[in-house]
Structure formats: C-alpha cells, structure tokens
Amino acid sequence: AVVSTQSTGVERALNDSVISITINAVDNNSGVTPEQGMEPLIEDIGSVIRFFVRKRNCFKFHVTLDGLFLKHINGEEQAFGFKTRASTCLKSSNLDELIRDIRDSVIESFEAFQGMGSGWIWKRWRFIKINVIKYNPVSA
Numbered sequence: 001a002v003v004s005t006q007s008t009g010v011e012r013a014l015n016d017s018v019i020s021i022t023i024n025a026v027d028n029n030s031g032v033t034p035e036q037g038m039e040p041l042i043e044d045i046g047s048v049i050r051f052f053v054r055k056r057n058c059f060k061f062h063v064t065l066d067g068l069f070l071k072h073i074n075g076e077e078q079a080f081g082f083k084t085r086a087s088t089c090l091k092s093s094n095l096d097e098l099i100r101d102i103r104d105s106v107i108e109s110f111e112a113f114q115g116m117g118s119g120w121i122w123k124r125w126r127f128i129k130i131n132v133i134k135y136n137p138v139s140a
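Residue numbers (our numbering): 1 to 140.
Just so you know, these hints were derived from the structure itself, not from any lab. Heads up, the beta-carbon is just placed ideally off N, CA and C, and yes, glycines get one too. Misleading hints may appear alongside valid ones.
Below, a list of computed lysine to any residue pairs in the SDA-like style, where the Cα atoms sit at most 20 Å apart [to be verified]:
1) Lys129 <-> Lys71
2) Lys134 <-> Arg54
3) Lys134 <-> Ser87
4) Lys60 <-> Asn131
5) Lys83 <-> Arg56
6) Lys91 <-> Val138
7) Lys55 <-> Lys83
8) Lys91 <-> Arg56
Each pair of labels, with its calculated beta carbon distance range [said to hold, decoys possible]:
9) Arg54 <-> Gly117: 43 to 51 Å
10) Tyr135 <-> Val32: 32 to 40 Å
11) Ser92 <-> Lys134: 15 to 23 Å
12) Gly81 <-> Tyr135: 20 to 28 Å
13) Gln78 <-> Asn136: 18 to 26 Å
14) Ile133 <-> Ile73: 16 to 24 Å
15) Asn94 <-> Gly117: 31 to 39 Å
16) Ser17 <-> Ile73: 38 to 46 Å
17) Leu70 <-> Asn94: 33 to 41 Å
18) Val32 <-> Ile133: 13 to 21 Å
19) Asn136 <-> Arg50: 28 to 36 Å
20) Phe127 <-> Ile73: 32 to 40 Å
Build the full structure now, drawing on both the sequences and the hints.
If you want it as structure tokens, here you go:
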C-alpha cells in the first residue's frame with residue numbers, strides 16, 4: 001500500500017543508480033515495545049522489496065530504522081539510526097527470509113545500543129529509509 005502511493009516517483013527513478021525511499025512511521029508507538037512498533041515498518045520494507053523484485057532482475061539495498069530516544073536524567077531527546085548491512089536481492093531470492101534477516105539485524109543493532117548502558121530510552125520510531133542500488137552481476 002505504501003509503495004503504490006509513491007510508485008509514480010519510484011517508476012521514474014528506476015533508471016537511477018541509487019534510489020532512496022523514506023517511509024514515515026505512524027506515531028502509534030505508545031504502550032508498545034520497540035519490536036512491536038517496528039513491525040508496520042518491516043511490512044513496508046517487504047512491500048518495497050517486492051515492488052523492486054517485479055521491476056528489476058536484481059538489486060542491492062540497505063535499510064536504516066531511525067528512532068527517537070529520551071534521556072530521563074535531563075529530558076533530552078535525540079534520534080539514532082540502526083542500519084543493516086547491504087543485502088543482494090535476486091528474482092530467485094527467498095523474500096520472506098530476506099525480510100526476516102533485515103528485521104533481526106535491526107533488532108540486534110537496537111539491542112546492542114540499549115545494552116551499552118547509554119541511558120537512552122526508546123520513545124518512538126520516526127521513519128525507515130531504504131536505499132536501493134542498481135546491481136548487474138556478471139554472468140558466467
């Protein structure tokens with residue numbers, strides 16, 4: 001659904017080497033865990049990936065999930081982003097597994113950040129950014 005609202009611009013950008021898509025989070029994160037709050041954004045990533053699989057034979061991409069955090073000591077708010085490694089997507093890729101790997105990677109980064117004892121407490125997710133890069137593997 002998210003992709004269809006942006007598909008006109010995405011269609012025009014398909015010839016570009018890099019396409020950056022930002023999807024804003026709906027601010028409904030009160031009373032949910034960070035993992036629950038990210039689920040709608042993960043579903044949006046799946047929609048974007050499925051769209052590009054239909055339009056391109058293969059591509060590389062990485063994802064950044066941006067969250068807003070609060071420091072209780074002084075009430076300061078700050079945004080932090082959690083990035084995935086670049087992934088390659090082919091027409092033959094198992095998309096469900098690829099999306100699950102993205103989710104796991106973001107959660108792992110988030111948990112490592114929380115585990116550092118920084119004192120920052122998750123408040124809400126702000127947006128997810130997907131960078132899609134043209135990729136033309138050399139045929140053997």
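Check: Per the hint of 18 to 26 Å, is the separation of the Cβ atoms of Gln78 and Asn136 within bounds?
Finding: violated, 39 Å
Margin query: Would the hint linking Lys83 and Arg56 be met if the CA-CA limit is 20 Å?
Written below: violated, 23 Å
Next item on the list: Take the C-beta atom of Gly81 and the C-beta atom of Tyr135, compute their distance, and say whether it sits inside 20 to 28 Å.
Entry: holds, 23 Å
Next item on the list: For the pair we were handed, Lys129 and Lys71, check the Cα-Cα distance against 20 Å.
Entry: violated, 24 Å
Checklist line | Restraint status (C-alpha distance of Lys134 to Ser87 at most 20 Å) | finding: holds, 12 Å
Check: Is it true that Tyr135 and Val32 lie within 32 to 40 Å of each other by Cβ?
Finding: holds, 35 Å
Check: Is the gap between the beta carbons of Asn136 and Arg50 within 28 to 36 Å?
Finding: Between Asn136 and Arg50, where Cβ atoms are some 20 Å apart, the hint is violated.
Next item on the list: Take a quick look at whether Lys91 and Arg56 sit within 20 Å of each other, Cα to Cα.
Entry: holds, 8 Å
Checklist line | CB-CB spacing for Ile73 and Phe127 relative to the 32 to 40 Å hint | finding: At 26 Å between Cβs, range violated.
Check: Regarding the pair Lys60 and Asn131, is the alpha-carbon distance no greater than 20 Å?
Finding: Distance of about 8 Å is within 20 Å: holds.
Check: Lying within 31 to 39 Å: is that true of the beta-carbon distance Asn94 to Gly117?
Finding: This hint holds: roughly 37 Å between Cβ atoms.
Notebook entry, point to check: If you check the beta carbons of Val32 and Ile133, does the distance land in 13 to 21 Å?
Noted result: Violated, since Val32 and Ile133 (Cβ atoms, about 32 Å apart) do not stay within the stated range.
Against the hints set out earlier in the document, violations occur for numbers 1, 5, 7, 13, 14, 18, 19, 20.
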